[in-house]
Amino acid sequence: MDNNKHYDVIVIGGGITGAGVARDCAMRGLSVLLLERFDYTNGATGRNHGLLHSGARYAVTDRESATECIEENMILRKIARHCVEETDGLFITLPEDDLDYQKTFVEACHASGIRADIIDPAEARAIEPSVNPDLIGAVRVPDAAVDPFRLTVANVMDACLHGAESLTYHEVTGLIVNQNRVDGVKVRDHRTGEEKEFRASVTINAAGIWGMLIAQMAGVTVNMFPARGALLIFGHRVNQMVINRCRKPANADILVPDDTVCVIGTTSDRIPIETVDDMRVTDDEVRLLLAEGEKLAPSLATTRILRAYAGVRPLVAADNDPSGRSISRGIVCLDHETRDGLAGFITITGGKMMTYRLMAQITTDMACAKLGNNRPCETADIPLPGSEKPKSGNAQRSFAFNAAEGRHGTMTSKISMESDADKALVCECEGVSVGEIKYVVENQHVHNLLNLRRRSRVGMGTCQGKLCACRAAALLGRFNNNIPKAQEDLAEFLDERWKGMKPVAWGSTLREAQLTATVYQGLCGLDKAITRKEGSK
Amino acid sequence: MATTQLTSISDHNFEQCLKCSICTVYCPVAAVNPAYPGPKQAGPDGERYRLKDPKFFDEALKLCLNCKRCEVACPSDVRIGDLIQQARMKHTTHRPKLRDMMLANTDLVGSMATIVAPITNFSLGLKPVKVVMDAVMAIDKHRTFPAYSAQKFEAWYRKNAQAQQDKFAHHVSYFHGCYVNYNFPQLGKDLVTVMNAVGYGVHLLDKEKCCGVALIANGMYQQARKQGEVNMASMRKSINQMRRPIITTSSTCTFTMRDEYPELLGVNNDNVREHLSLATRFLFQLIDEGEVKLAFRPDFKMRVAYHTACHMQRMGWAIYSTELLRMIPGLELVELDQNCCGISGTYGFKKENYETSQAIGSILFADIEAAKPDYVSTDCETCKWQIEMSTGVKVLNPISILAQAIDVEATQKLNGVR
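Respectively, the protein sequence lines represent chains A and B.
As numbered in this note's numbering, residues 1 to 537 make up the first sequence, in order.
As numbered in this note's numbering, residues 1001 to 1418 make up the second sequence, in order.
Hints are computed from structural coordinates only; laboratory data are not their basis.
Errors might be hidden in some of the hints.
To be verified - Below, in silico cross-link-like pairs of lysine to any residue (SDA-like), each with a Cα-Cα straight-line distance of 20 Å or less:
hint, chain 1, residue 1, chain 2, residue 2
1, B, Lys1055, A, Ser398
2, B, Lys1055, A, Leu523
3, B, Lys1090, A, Pro129
4, A, Lys423, B, Pro1146
5, A, Lys423, B, Asn1033
Sequences are here, hints too, so could you generate the full structure?
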């Protein structure tokens, strides 16, 4: 990469917002550099429900967000077909809830343009057998499931197809400011330790909650309120439709079927900005999620929990309210030139994963105005790579092909499944083949097992990496011709898996973790291999 | 944490799978047929995907023998075989072919065949007939159908045994199964001999239908369920009204009625299950508790290799048969290593499975040859056909061996039978 190259736009943050901005900018012909300090989706993007909101949840309290949601919902079904599963959702009223709220809710949905059909509790039980049978009311809405990892990577891939450059493990350590103008960024390459500088006409801060710190580097203030949410992943799909509570939004009242699992969440707690990198989930959070989750689907009480995780929403205080009491979930796009007299710098924050495309459009419009580019936005019409209309073909497909197609859509045709070696499964729980791993390593910025997991679901299944981690590490080691690094990577990956299991380590999940430890530490001597290596440094 | 979480459960315990893969190591099919994904993939792994979308159902699941060796191997009590069978029940789009219907309807076909048994046996053995069956019906030409008996067991029983049964102090009902009724009444006669000798009268059930194991294997679940209900009604009557427990001489029928009925077919067998036992187990327990005694002929000599049928192993009952055989002074017992014979009921009769079937059985066949026994003994009739066809060694049910080994009069005397 040419450090002296001058870009039109530098985008900071490889979450869904940054990826969406990079794609939009690149599609409008701008030269783009996307920078991510760790891996794509490392922040809030990779730590939410995976819910494609219909907007119904916000209809009563935030009409504007609700309207944005339903519009983007319909757009994403078209442009991100392979990332979305059209499940529909239920808003259920339980005996302890006020049934009158249902009427308010449905009216608000209709006013926001959201389909909301009241159905009989008996019908709700028939179409979603896992639902709490005691429900007294149900409304069917166009909620759906979306895979944030796929959605983000598809945006990055498309940005790159349109000429953008993208670097992961490049952390912004400072901004280059000259006479009230941001000229670019200083970065550290975490993989080599190298310090670099990149310059651009416009620098876009899309770093989520960390955007507050980026803004500080530029000497401007953006008031954010980190709101932490914890979630639980269950071992298999209990429900086929999204299940919500029909009441004012509260804790743990959404259960989403995501791929092979289902996810209950979230809690919501304000935390100080200093603690946003601490993602540990507490016992209290687990208890609360379980207690509330059982009310949506009673079988959750006896379903194995795979892991717990938490994310931090970047809520933003409205600019005209310095006290921060009026917090919006709406989109906040700040032109620091007009706001703070700092040219060449834009912050995009607030909003939701759901509205990333709209956020990207607003931001790109602002950047384009500064750069004198008047190409229209096309991101609402052109499908993401993998989401093109599938060629009809109903040949009997293999398990691994079907699993891969769910992840890569039409790009699955680029995955080699000819030889027995390529067809062999690396991850048995999630049906990930050697061919699929080759494909993501070659096309989707994979440097380690963590990246590989997010691109392919390796290690996301029931065994949480026990069977697949060593196979995948060996493959990566072979591709990179660096086996010692693969060993370290393997140890880190298993540690990361354990962190998610620890808060729910009982029953089968605990047995699973113990067997994993026995295999890797006892049988393979992994910790000894790592210690020996560190000792010889 | 809610305490319910500590004992989390799922259908057939599928989520208790720790992915240790021991089941795949013990799967006889996966070892010889790469087209079969193995029990872990076909069972708990596949189930997660089938819950997401039924399109993930794989027709290769029909290659499962339903031997349940995976379940025996599983340290986490995952009912892998049940999961696979249930997935087939739920998702398969293939309707049973004529051949499958004929193989599965052991009752109907058996009734028709026994009427014209000599002709049936003659023609089933003819080479041209076998070639036609191979080509048209896809029943493998290497297979020989078990010969049909000219007289059904039930007919023999009514004519020769029924009248004497009421005089005994104790009573059992006998679920003879299709094989004894149509193909091999001798085993039923042996059972009557042994039970009468220890003072038990043997009675038929009010109504007996095929247990349905072949119907399940061939996808005819509705019919299997119906037959199951008939059997359970007859057995309940036997247990509740006549105080007669039920014994059998087929491990597979027993396993099907005890475990597959509630787990797969949803046929309730409460209050029956614990009174339904294999004759060898029933006898062993009586002897063990000192209720009955056996006296043996001093001149009896036999070298026997015992083969544990898959469903026998699933029930964990092989020990009753082997311990019973060990009681016979002149009997030299070789316990064969636990390997599937490969036939699995109707599975091995199908042309497409012949090679898999024989490859699976090859380890067992070699063991039998090395053991040089006079007879092989097993509690399963389909293992018997497979072993006889593949090794040439004759196979006897332990009850038949017992019938030959005991001194009937001395045994009667020991048990106070007049």
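We went through each hint and held it up to the structure:
1. In summary, the hint linking B/Lys1055 to A/Ser398 is supported, as the alpha carbons are separated by about 10 Å, within the 20 Å threshold.
2. With a C-alpha separation of about 38 Å, the suggested pair B/Lys1055 and A/Leu523 falls outside the 20 Å cut-off, and the hint is violated.
3. With a C-alpha separation of about 16 Å, the suggested pairing of B/Lys1090 with A/Pro129 holds against the 20 Å cut-off.
4. Restraint check for A/Lys423 and B/Pro1146: not satisfied, since their Cα atoms lie roughly 42 Å apart, outside the 20 Å limit.
5. Note on A/Lys423 and B/Asn1033: the hinted pairing holds, with a Cα-Cα distance of about 16 Å set against a maximum of 20 Å.
Hints 2, 4 from the list above are not met by this structure, while the remaining hints are.
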